[in-house]
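Student: For what it's worth, our numbering labels the leading residue of the sequence shown as 1, then goes sequentially.
Treat the hints as calculated values from the structure; they're not laboratory data. Keep in mind that the hints are not guaranteed to be accurate.
[As the list claims (entries may be wrong)] Computed spacing ranges between beta-carbons, pair by pair:
| id | residue 1 | residue 2 | range |
| --- | --- | --- | --- |
| 1 | D36 | R128 | 16 to 24 angstroms |
| 2 | N59 | D82 | 16 to 24 angstroms |
| 3 | E58 | T37 | 17 to 25 angstroms |
| 4 | N135 | P50 | 20 to 28 angstroms |
Quick reminder that beta carbons are idealized off the backbone N, C-alpha and C, glycines included.
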Amino acid sequence: MTDDAIRRSGEERQASMQQNAAALGIDEALVSRLVDTFYARVREDDLLGPVFLTTLGENWDPHLAKLKDFWSAIALGTRRYDGRPMPAHLRLSDTITDAHFRRWLGLFRETVDELMPNPAAADFFYDRASMIGRNFQAMIFALKASVS
């Protein structure tokens with residue numbers, strides 16, 4: 001495949017993602033509101049809040065900006081996100097448990113059900129969050145098993 005064909009393929013994929021998002025009523029403003037609302041809830045949560053506070057401190061703005069880029073890339077096909085989330089989560093392998101993942105996903109479900117313009121948009125985000133959570137959880141618990 002030539003560089004030009006690769007570029008066109010990427011552009012076509014991005015256009016398709018943007019069309020799908022538009023059909024679901026997903027745009028940048030909604031992604032931003034989702035991240036802000038969800039992480040405000042995380043911050044106040046008795047189980048999750050302390051983990052994030054220990055990791056991020058009081059200034060969550062850089063993390064929220066990165067998460068908005070992350071979710072924008074997933075939902076809208078934007079290319080702003082430049083990060084590697086797995087290593088950051090693996091560093092927390094001694095801290096986070098299955099209960100943390102369940103609570104994170106439960107709060108996420110509540111948030112998307114409340115904010116999304118329709119059930120299909122809520123499912124779009126929830127399905128991806130669930131897959132991401134399962135992948136993180138599998139890697140973290142594999143790491144724990146390898147050092148036990």
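Student: Run every hint past the structure and note whether it holds.
Tutor: Okay, the hints, checked on the actual structure:
1. Separation of D36 from R128 is about 18 angstroms and conforms to the stated range, judged on CB atoms against 16 to 24 angstroms.
2. In this structure the hint that N59 and D82 lie 16 to 24 angstroms apart at CB holds, the actual value being about 20 angstroms.
3. Separation of E58 from T37 is about 19 angstroms and conforms to the stated range, judged on CB atoms against 17 to 25 angstroms.
4. Distance hint check for N135 and P50: the Cβ-Cβ separation is about 24 angstroms, which falls inside the suggested range of 20 to 28 angstroms.
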